[in-house]
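Visitor: Here the protein sequences come in this chain order: A and B.
Read in order, the letters of the first sequence correspond to residues 1 to 242 in my numbering.
Read in order, the letters of the second sequence correspond to residues 1 to 132 in my numbering.
Honestly, I wouldn't trust all of these hints.
Said to hold, decoys possible - Here are some of the chain B residues that sit facing chain A, going by a computed Cβ distance under 8 Å:
id: 1; residue: Q12
id: 2; residue: L37
id: 3; residue: D60
id: 4; residue: L70
id: 5; residue: F114
id: 6; residue: Q126
In case anyone wonders, no lab produced these hints; they're calculated from the structure.
Think of the CB as a built atom: it goes at the ideal place given N, C-alpha and C, for glycine as much as any other residue.
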Amino acid sequence: MSGDNFFSLWVYLSRTPLLWLSVTLIAYAVADRFSAATGRHPLANPVLHAVWMIALLLALSGTPYKTYFEGAQFVHFMLGPATVALALPLYQNRRVVARAIAPMLAALVAGSLTALVSAVTIVKLFGVPQTIIASIAPKSVTAGVAMGIASELGGDAALAAVLVILTGIFGAIIVTPLLTLFGIRDWRARGFAAGLASHGIGTARAFQVNSVAGTFAAIALALNALMTAIIVPPVLGYLLGR
Amino acid sequence: MVIAIATLLLCQLAGEGLARGLGVPVPGPVLGATLLLALLFLRDKAKPVLPREINDGSLDNAANMLLANLSLLFVPAGVGVIQNLQVLRTHGLALALALVVSTILGLLVTAFVFRFVASLTNAEPQTGEDMQ
Numbered sequence: 001m002s003g004d005n006f007f008s009l010w011v012y013l014s015r016t017p018l019l020w021l022s023v024t025l026i027a028y029a030v031a032d033r034f035s036a037a038t039g040r041h042p043l044a045n046p047v048l049h050a051v052w053m054i055a056l057l058l059a060l061s062g063t064p065y066k067t068y069f070e071g072a073q074f075v076h077f078m079l080g081p082a083t084v085a086l087a088l089p090l091y092q093n094r095r096v097v098a099r100a101i102a103p104m105l106a107a108l109v110a111g112s113l114t115a116l117v118s119a120v121t122i123v124k125l126f127g128v129p130q131t132i133i134a135s136i137a138p139k140s141v142t143a144g145v146a147m148g149i150a151s152e153l154g155g156d157a158a159l160a161a162v163l164v165i166l167t168g169i170f171g172a173i174i175v176t177p178l179l180t181l182f183g184i185r186d187w188r189a190r191g192f193a194a195g196l197a198s199h200g201i202g203t204a205r206a207f208q209v210n211s212v213a214g215t216f217a218a219i220a221l222a223l224n225a226l227m228t229a230i231i232v233p234p235v236l237g238y239l240l241g242r
Numbered sequence: 001m002v003i004a005i006a007t008l009l010l011c012q013l014a015g016e017g018l019a020r021g022l023g024v025p026v027p028g029p030v031l032g033a034t035l036l037l038a039l040l041f042l043r044d045k046a047k048p049v050l051p052r053e054i055n056d057g058s059l060d061n062a063a064n065m066l067l068a069n070l071s072l073l074f075v076p077a078g079v080g081v082i083q084n085l086q087v088l089r090t091h092g093l094a095l096a097l098a099l100v101v102s103t104i105l106g107l108l109v110t111a112f113v114f115r116f117v118a119s120l121t122n123a124e125p126q127t128g129e130d131m132q
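Chain B with its partners taken away, still in its complex shape (with noise of 0.2 Å):
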C-alpha cells in the first residue's frame, strides 16, 4: 500500500515540477495522470521490472480508493463558500443566472456536439445499464 500511496505522490510531484519548470498551463495533478497513464502502459510491457506493488492490484487499488471518495476531497473548498457571502449577496442575481444559464448552456452544447460528431464518425453510441 505504502509504494502505491507512493507512487501516486511521486506522479503528482513530477507533474507539479514538470508544470513549474516548463512553465505550460497545465495544473501539476493533470500532467501527474498523464505520467500515471504512461506508467500503467509501461506495466504491461516490463511487469518484472516494476515493483511488486504496481503490478498485484495495489496501485489500482488505491486509485480505486480515491475515486470512490471524489465528492468528499470537494467539501473543505466547498464550505469556503461563507467567506465571500458578501460578494454572492450583492451581486446574488448577476452570478447565479450566468451560473446556472451558462452551465446548462455547456452542458447541452458538449453533449450535442459530441453526439453529432459521433454520428458522422460511425460511433456507436455507448448506452447500456439503466440511467438514473
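Okay, chain A solo, but in the shape it has when bound (with noise of 0.2 Å):
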C-alpha cells in the first residue's frame, strides 16, 4: 500500500465510529488481562490503563476527543442500563442489606460530609477560583449527577466530569489495601466505603473482589448521588462565606 492510500484509509476510518469504538473495547480488553494476570492488583485497575493507553493514542494520532466519542458513545451509553442492571445484585442481597441499615444510613451521613468538607477547604486554602471550588464538590458522586451539582453552583460540567474520574480511579486503588492496613474486614463497610468515596469506579472495584461488597458499593453510590445532591449547595455556601 503506498503513503497516500494508507493516508486515505486511515482519513476514511479514523473519521468512522466503527475505529475508536474497537479502540475503546481492544484497549480495555488489554487492561483487564493485565489486571487478571496480576490477581487483580489494584494499580492494575483497567480503567485506569485503558484511558492512558487511548489518550496516548489520540495524542499520536492528533485525533480530537469529539471525534474519540463519537465511537466511545456507544460504551458511554451503557452506563445507564448498567446502573438499572444494579437491582439484580441488590435483590439477591437483600437480606444482608436490610439487615445494615442503621449502619449504611450514619456511615453515608459521615462520609459524605467528610468527603466534602475536606476537599473544599483543600482547595479553598490553596485559593483556587470559585468555579474549580465547585466543580470538585461533587466529585465523589457519578459523573452525571456531579455535572449537574457542577454547573448549577457555577462550576465546570467538564472539569467537574474529570474530577468524578480521577477520584473513581484513585478510591478503586487505594480502598483496598488502605482498608487492609486499618483492619476492615467486614465486606459490607468495605464496598460501602468504596461506592461513597468512588462511585462507580469504585464499585466496580469491589464486584470484582467480592459480590456482597459490590452490592454495598452499588447501594452507596445510589445513595451518596442523593446525599451530595441535597448537601453540597448549603455546605458550599457555609465553606465559601456566601
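Using the hints, build the complex out of the two chains.
Guide: Pasting the structure below:
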C-alpha cells in the first residue's frame, strides 16, 4: 500500500465511529487481561490503563476527543442500563442489606460530609477560583449527577466529570490496601466505603473482589448521589461564606 | 435476550421520565434501578403473568453481563481527561491533594462509622472468602 493510499484509508477510518469503538474495546480488553494476570492488583486498575493507552493514541494521531467520543459513546451509553442492572445484586443480597440499614445511613451521612468538606477546605486553602471549587465539590458521585450539581453552582461540568473519574480511579486503587491496613475486614463496610467515596469505578472494583462488597458499593453509589445533591449547595455556601 | 435488554432500557426510560417529571435530584438510572428492584420482587409473586424472558434467567444474564464489564463503561469518560489538562496543570497540586486526602478520609470515615454502628446493633460482620 502506498503512502497516499494509507493516508486516505486512515482519513476515512479515523472518522468512522467503528475505529474508536474498536480501540476502546481492545484497549480495555488488554488492560483487563493485565489486571487479571496480576490477580486484580489495585494498581493494575483496568480503567486507568485503558484510559492512558487511548489518550496516548489520540495524542499521537492528533485525534480530537470529540471524534473519539463519536465512537466511544456507544460504550458510554451503557452506563445507564448498567446502573439499572445494579438492582439485581441488591435483590440477591436483600437479606444482608436489610440487616444493615442503620450502619449504612450513619456511614452515608458521615462519609459524604467528610469527603465534601475536606476536598473543599483543601482547595480553598490554595486559593483556587470558585468555579473550580464548585467543580470539585461533587467529585465523589457518579459523573452525570456531579456535572448537574457543578453547573448549578457555577462550576465547570466538564472539569467536574474529569475530577469524578480521577477520584474514582484513585479510590479504586487505594481502597483495598487502605482498608486492609486499618483492619476493616467486613465486606459490607469495605464495599460501602468504595461506592461512597469513588462511585461507579469504586463499585466496579468492589465487584471484582467480592459480591457482597459490590452490592454495598452499589447502594452507597445510589445513596450518595442523592445525599450529595442535597448537601453540596448549603455546605458549599457555608464554607465559602456566601 | 431482546426483552431482557428492553426491560433494562425501559426501567431507565421510566426512571429518567420520573426524575424529570417530578423534578427530584436523583439521576434517572438510579430511579430506574429502583423500578427494576420492584420488578424483581414482583417476579416472586406474579411469575405467570410476566414475559418468559423475565423469568427464565435471561434478564439476570443480561444484567450480570453488564455488571461484569462495569469498568469498561467508564473508559470513554475517563479519556475526557485530555480535554482538561490545562486546568489540571494550573491547579494540579491543590486538586491532587484535595482528591487524595478527601478520598482517603472519605473511605476511612465511611468504613469506620459503618463498623461502629454495625457493632452497636450486633449485626455480624460479613467476612469470609479471601481478601485481596
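Visitor: Work down the list of hints and note, for each, if the structure agrees.
Guide: Going down the list of hints, with the structure as the test:
1. Hint on Q12 of chain B holds. Least Cβ distance to chain A is approximately 5 Å, under the 8 Å limit.
2. Restraint check, L37 of chain B versus chain A: the minimum CB separation of about 4 Å is within 8 Å; hint holds.
3. Annotation: D60 of chain B was flagged as interfacial toward chain A, and the flag holds, the nearest CB pair being 6 Å apart, inside 8 Å.
4. Hint status for L70 of chain B: holds, given a least beta-carbon distance of 4 Å to chain A, under 8 Å.
5. The closest approach between the C-beta of F114 of chain B and any C-beta of chain A is roughly 4 Å, which is under the 8 Å cut-off, so the hint is satisfied.
6. The beta carbon of Q126 of chain B is positioned within 8 Å of a beta carbon in chain A (closest approach about 5 Å), and the interface hint is therefore held.
Violation of the numbered hints given earlier is absent; every hint is satisfied by the structure.
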